[in-house]
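Trainee: Those protein sequence lines, which keep their order, are chains A and B.
If you use the numbering used here, the first sequence corresponds to residues 1 to 173, in order.
If you use the numbering used here, the second sequence corresponds to residues 1001 to 1285, in order.
Among these hints, one or two may not hold up.
[Said to hold, decoys possible] Here are the simulated lysine-lysine pairs, DSBU-like style, with alpha carbons at most 30 Å apart:
1. Lys1189/B / Lys145/A
2. Lys56/A / Lys90/A
3. Lys1189/B / Lys56/A
[Stated by the list, open to error] The following residues of chain A were derived to be distant from chain B, with all beta-carbon distances above 12 Å:
4. Glu72
5. His96
6. Asn120
7. Arg149
None of these hints come from the bench; they were simulated from the model.
C-beta atoms are modelled at their ideal positions from N, C-alpha and C, and glycine is treated no differently.
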Amino acid sequence: MGHRIAVTINGQRYEAEVEPRLLLVHFIREVAGLTGTHIGCDTTSCGACTVILNGKPIKSCTMFAVQADGCEIRTVEGLAQNGELHPIQKAFWECHGLQCGYCTPGMLMAGVALLERNPNPTEEEVRRAISGNLCRCTGYQNIVKSILRAAEMMREGAGVASGSPVGSGSPAQ
Amino acid sequence: MIPAAFEYVAPRSVAEAVALLRQHSYDAKVIAGGQSLIPMMRFRMAQPRVLVDIGRIPGLDYLREEDGFLRIGALVRHATMEHSPLIQERYPLLAATARVVADPLVRNLGTVAGSLVHADPAGDWAAALMAARAQVVAAGPDGERVIGIDDFLVDTFTTALEPDELVVEVRVPIPGPRTGGDYQKIERKVGDFATAAVAVQVTLDEAGRCQQAGIGLCAVGPITLRATAAEEALVGQPLDEATIRKAAALAAEAAQPTSDLRGSAEYKRDMVRVLTLRALRNAAA
Ligand SMILES: Cc1cc2nc3c(=O)[nH]c(=O)nc-3n(C[C@H](O)[C@H](O)[C@H](O)COP(=O)(O)OP(=O)(O)OC[C@H]3O[C@@H](n4cnc5c(N)ncnc54)[C@H](O)[C@@H]3O)c2cc1C
Ligand code: FES
Ligand code: FES
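Take these sequences, add in the hints, and give me the full structure.
Mentor: Shown next as structure tokens:
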């Protein structure tokens, strides 16, 4: 029996009639057509499918789409804004935080969720935050560096934004 | 892998959920965080015909102290326990446990109550809540009943819950002053189930003697085990090194480990001794 659900992904509303057994990751990839979210295992072990659901990173392969009815989801496709990469994407690029890239969308979402909760994490906190995400390539060192670098970039960015007087009439840079 | 087809219902109240469980009985399964049930359904080890999603019942996610108990609503997630200032400040055993259940992504969805009902002998909460002498509040067609944790956990993957009952709350007696606790777990890699783990909670009297002791053993038997003889060896004694060593040896005797991929029975038994030592030393500090 089909269930009509509506889910907001990266600010856009997706409505569909789904079978209850449809996993959220399949909804995201096949119904919404957002294939940036990967599937790396059948056992809830790898974190490749990590998305942010109502502000928290979760494994989208271990939730039914019907359970997400009415929820706000963010995926890797929602990170870049107006053609500009998110600081965490820039940091992964700069610090070589990826090799094959399979784990990367999940790492990015786990990383972003951490930085939004804790803008100034220690290395230990970064390691803990990505401990549900497996990487077969990098040995994690550069992923940790990338997230710490992203934290720096985001703090600088926030500093600039809050430091600039509102309505001063100065041209936007 | 794709689970077998099922019918999905999302009741908006406990009464509605209980009515659904009563109607469908063994054909129905409750889903809370889904972090044990969905993997089981994907392996087709579980094939419920009806899934009763309690995730949309309002008011089940409370975590507060009231009437002498820490009350943990059925929808409190592992991560809620991990990040709660109340737990961090006043419940060292539960705080130490919350940090090592699964991984951070699973912790954002999985619930304490769901973990207890799952009754996996390798479940971390069951051991911790046994040491803390928790009680389970179940709602059924005839109202609520309170079940002590030792009676609740019956066997591997089996609890005292009836098919038409729902766990609505887990409650922990608020520990007295001079209470310490710790959870010590050995795992192959971060996020893994325990090779062996030990939960300890001790309360001292004003003279520094142990007034109450709780010790729960994880992953070393067909079910979560209480190390009764070790607890008894602590009560009435100061927590000095000799007493701690004696209790640790008794805890190891209480273990019923089996050899598997995570280690030999002999190794696990000795790890129970080592983990009990460490946990008691930390709890007494
Ligand atoms: C990769 C991975 C690693 C893990 N590692 C660990 C670990 O190290 N330690 C550990 O302890 N656990 C671990 N788990 C299990 C995890 O903690 C689960 O969250 C927990 O066991 C079940 O809680 P849940 O809310 O997800 O329950 P669900 O999966 O929704 O349900 C589990 C069972 O409980 C029943 N149920 C749930 N809630 C209720 C209720 N309120 N009333 C009646 N019945 C109910 C369901 O019907 C089902 O039978 C791991 C899981 C995964 C996927
Ligand atoms: S695909 Fe591996 S955890 Fe979701
Ligand atoms: S970059 Fe290949 S799995 Fe992480």
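Trainee: Of the numbered hints stated previously, which ones are contradicted by the structure, given in increasing order?
Mentor: As far as the earlier hints go, not one is violated by this structure.
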